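Chains as they are written, first to last, in numbering that gives the first Met the number 0: chain A, 0 to 137; chain B, 0 to 87.
One or more of the hints may lead you astray.
[Stated by the list, open to error] Here are the simulated lysine-lysine pairs, DSS-like style, with alpha carbons at most 27 angstroms apart:
hint, chain 1, residue 1, chain 2, residue 2
1, A, Lys4, A, Lys123
2, B, Lys19, A, Lys4
3, A, Lys69, A, Lys123
4, B, Lys19, A, Lys39
5, A, Lys115, B, Lys58
6, A, Lys4, B, Lys58
7, A, Lys115, A, Lys39
8, A, Lys4, A, Lys115
9, A, Lys41, B, Lys9
10, B, Lys19, B, Lys58
11, B, Lys9, B, Lys19
12, A, Lys39, A, Lys4
13, A, Lys61, B, Lys58
14, A, Lys123, B, Lys58
15, B, Lys9, B, Lys58
16, A, Lys41, A, Lys123
17, A, Lys41, A, Lys115
18, A, Lys41, A, Lys69
19, A, Lys61, B, Lys19
20, B, Lys19, A, Lys123
21, A, Lys115, B, Lys19
22, A, Lys41, A, Lys4
23, A, Lys61, A, Lys123
24, A, Lys4, A, Lys69
Worth flagging that the hints you see were computed from the coordinates, not collected in a lab.
All figures in this text were calculated on a predicted structure; none of them were measured in a lab.
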Amino acid sequence: MLEIKLLHEPLDLLHCINFVSNDAAGGIDVFIGTVRNATKGKAVVQLEFEAYEPMAVREMEKIAQQAIEKFSVQRIALHHRVGILEVGEVPVVIAVSAPHRGAAFEACRYCIDTLKETVPIWKKEIFEDGEVWVAAHP
Amino acid sequence: MVEKLNKLMKISLLSFGIAKDIIGQRFIDLELADGISVAQLRATLVQRYPRLSELASVKLAVNSEYAAEDSLLNNNDEVALIPPVSGG
Chain A
0 MLEIKLLHEP LDLLHCINFV SNDAAGGIDV FIGTVRNATK GKAVVQLEFE AYEPMAVREM
60 EKIAQQAIEK FSVQRIALHH RVGILEVGEV PVVIAVSAPH RGAAFEACRY CIDTLKETVP
120 IWKKEIFEDG EVWVAAHP
Chain B
0 MVEKLNKLMK ISLLSFGIAK DIIGQRFIDL ELADGISVAQ LRATLVQRYP RLSELASVKL
60 AVNSEYAAED SLLNNNDEVA LIPPVSGG
């Protein structure tokens, strides 16, 4: 079972945990992405996230489904937020339940690592003196 | 057999992130030679918008799926320019 959401409002961590909870689970692993206050020593004011929404949801569904199959985990909730996020806010939550903790850790890591490679979501760093799309130029 | 010369097709081009800054708008409609490949579209776009070649990468998606360079486009396809992604 999986739940993928792309939202324009603050994410609900407890909802994600509750979604994956089930009596046959021995553990739940949760990854929470947070907006860091600096990049390469330069102070970040805020981040702006945008997405190719229909494709982002499809790619996140594929990733979660792959994770369930590869690691034999039970449920995955993967929520990503877009819009303007301040330092400390949460752009992504990934919750995974499994009978044993090893698979939950591995599946959760797989989801965030793969999301960062393939999902059509982009972040722009806003500094006091300018803004930059992350990773756009070599 | 009569060959259809100059047959055209319409595709919608969606641009995101820095690609949207380069193209200038989120959505544009393009009229192209019917049945060109993704690679041919890429070449046309780079010629029209040279700053695209400065990016670390640009992938093309057709109807929300990453597309192989040799796949052929169809009328009314939705093509997205996907510069380096940075979600999460």
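TODO: Below or equal to 27 angstroms on CA atoms is what counts here, so check Lys41/A against Lys4/A.
DONE: Not OK: Lys41/A and Lys4/A at ~31 angstroms, beyond 27 angstroms, violated.
- [ ] For the pair supplied as a hint, Lys61/A and Lys123/A, confirm whether the alpha-carbon distance does not exceed 27 angstroms.
- [x] Within the cut-off at roughly 25 angstroms; holds.
Task: Hinted pair Lys19/B and Lys58/B, Cα distance within 27 angstroms - done: 13 angstroms, holds
Open item on the list: Need the status of pair Lys9/B, Lys58/B: alpha-carbon distance at most 27 angstroms?
Closed with: Holds, at about 20 angstroms.
Task: Lys4/A paired with Lys69/A [C-alpha distance capped at 27 angstroms] - done: 21 angstroms, holds
Task: Distance restraint between Lys4/A and Lys123/A, which requires alpha-carbon spacing of 27 angstroms or less - done: Satisfied, since the Cα-Cα distance of roughly 21 angstroms is no more than 27 angstroms.
- [ ] Please work out if Lys115/A and Lys39/A have their alpha carbons no farther apart than 27 angstroms.
- [x] Satisfied, since the Cα-Cα distance of roughly 19 angstroms is no more than 27 angstroms.
- [ ] Compare the distance between the alpha carbons of Lys69/A and Lys123/A with 27 angstroms, and conclude whether the hinted pair is satisfied.
- [x] Status violated; Cα separation ~32 angstroms.
Open item on the list: Please verify whether Lys41/A and Lys115/A have alpha carbons no more than 27 angstroms apart.
Closed with: 22 angstroms, holds
Open item on the list: Between the alpha carbons of Lys19/B and Lys39/A, is the straight-line distance 27 angstroms or under?
Closed with: At roughly 25 angstroms apart (the allowed maximum being 27 angstroms), Lys39/A and Lys19/B satisfy the hint.
Open item on the list: Check whether the Cα positions of Lys19/B and Lys4/A lie no farther apart than 27 angstroms.
Closed with: The given pair, whose Cα atoms are some 24 angstroms apart, holds under the 27 angstroms limit.
TODO: For the pair we were handed, Lys61/A and Lys19/B, check the Cα-Cα distance against 27 angstroms.
DONE: It holds: about 26 angstroms lies between the C-alpha atoms, which stays within 27 angstroms.
Hints 3, 9, 12, 18, 22, counting from the list given before, are not met by this structure.
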